[in-house]
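Residue numbers (our numbering), protein chains in the order written: chain A, 1241 to 1495; chain B, 913 to 1221.
Calculated directly from the structure, the hints in this document are not laboratory data.
Cβ atoms here follow ideal geometry from the backbone N, Cα and C, with glycine treated the same way.
Among the hints, erroneous ones may be present.
[Unchecked claim] Within a straight-line C-alpha distance of at most 16 Å, the following computed EDC-like cross-link-like pairs (lysine to aspartate or glutamate) qualify:
1) 1213/B x 990/B
2) 1338/A x 1467/A
3) 1038/B x 1132/B
4) 1491/A x 1049/B
5) 1338/A x 1045/B
6) 1380/A x 1405/A
7) 1491/A x 1197/B
8) 1491/A x 1132/B
[To be verified] Calculated from the model, a selection of chain B residues having no Cβ within reach of chain A, i.e. all distances over 12 Å:
9) 951
10) 970
11) 1022
12) 1182
[Unchecked claim] A few chain B residues facing chain A, derived, Cβ under 10 Å:
13) 977
14) 1007
15) 1101
16) 1137
17) 1154
18) 1196
19) 1204
What follows is the residue order along each chain.
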Amino acid sequence: MRWRLLAIVTVLAVVGGGAQRPPVKRPDLSGIWQALNTANWNLEGHAAGPGVPALGALTATPPGRSVVEGGTIPYRPEALARRRANYENRWTADPEAKCFYPGVPRATYMPYPFQIIQGTSTVLVAYEYASAVRTIHLDKPREAFAESWMGTSFGMWQGDTLVVDVVGLDGQTWFDRAGNHHSDALHVVERYRMLDANTLWYTATIEDAATFTRPWTIAMPLYRRREPGAQLLEFKCVEFAEEMLYGRLRKGVAP
Amino acid sequence: MTRLLPSMRALAFGCAMAWLGTAVLGQAAARPWKTPRTAWDDPDLQGFWTNIGESFTPLERPVSMGTRTVINDAEWQERLAAYNRMANGRSEVAPPSRQASRIIDPPNGRFPPLTPEGVRRAAALKAAEARMEGPEDAPLYTRCMTRGILTMLPTFSNQHYEIVQSPGWVAILYEHVRVVRTIPLDGRPHVDDAIRTWMGDPRGRWEGDTLVVETTNFRDGTLDAGFVASDALRVVERFRRTSASGMEWQATLTDPTMYTAPVTVSLPLTRDLETDQILEYACHEGNERILEMKLSTARWKEREAPKAK
């Protein structure tokens, strides 16, 4: 009896030890990254365009090619009409104007840096704009606890690509300043892959049957910010939106 | 099936012995407890933390307690009862400490006196809030800007924190008013003096197993929890794991423009067993009615005041 027990304990020890394979070496996505394109002005291809006339050329739209695979976003007709209305009202209706959280994927390609901190069981992504932030959970699939601006993210490695499933996104964010939009049926699957030590290839597939006739994908490189001492600075834009949001109630203005 | 049973028993016994062995060995290794290390050999502070247990630890110590730093059994039972009334059963997750106050220095556990300039600035902020001529007159917290570094002090809600590390960096995510700090550990100098921020510019380093974070470059009027800061503020924080489930946080705030002496606050953090995700605290996105109400009330008072005369 005793030798059997000893044998079993030994077997358990060997099996247990064997199970501890060396950890798979994953690419380290940590760093400060930034898109270098005009997707935040318009995901689709666009010529240069005017801004607020009183501000001269300062707020003009820079031109850019489409980041959408196939060129255009497959809107349902009524959703396309809403985009036109959004565009007309963009100077006040764009959530970016109000300094609201940008949502996913817009946070990625705003013209500001963001930082990936790849921890042991979570990947933290901190964005300079509005101090937005999200945690990508690697440990187990997630269901959204509630709808939120930045969504609930669950990531898993497929080879060298970090695939992130983003659920629980609300319907209030826009994709860009041109009024491209979605509903709360939005589901985003992002892919992050290192092209080389200083470049990430980023894609986001967008599913929202209420707004689009089929899923569609955006793709772009993200570049590492390589200047010495690169770091995120604080861009809490709340205070810059307050006059627009509350100025009518200011002393001397309000009746 | 019956033939399997003895071996299954043996297996169970073997497992039990193995567990006992690990437990005993673990105990031996646990004295003194050693901070685990990351794959790149930094002390590992990662995971979810809370200080919900300290909800009823007062910021300032009652004057009657003098320099007594811990509360007695009866006082602790009272604290525990209050805590359980707020969140029944939570005391098992994060029991309250016996710390008499969140301020541990000055020795009386109270804010040091303001300087004359401090008195003037604190009064100016209060007066602005009373006038509410525009949104900028509201306190930072009301404007959903930030609670600053003192977001680590509990306020009865959203007391959840996540720490994530990668080589050369520590990030701290605070659920309340959603703040994230990414802290470089490479000894780089602070950013230009002209760059002033509400959360300041943090620089971290390891002193043994303690993470020391020095933060400067604050804007005037940062912070809450009764502390009003000038741009002269300098904060030194220490994060040190004390056990598998415990961490100590301490912050010394030095602001010679506002206060006649430095202030140190300290609180224990415990492993957050209730959550494994930091929820989104979209404060500004839902704040419109609050600020509208404050501003409209101020305008109404201005209209009504002459009529009352």
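Inset, instruction - Enumerate the violated hints, using their earlier numbering and listing them in ascending order. - result: Hints 1, 2, 5, 7, 8, 9, 13, 14, 16, 17 not satisfied by this model.
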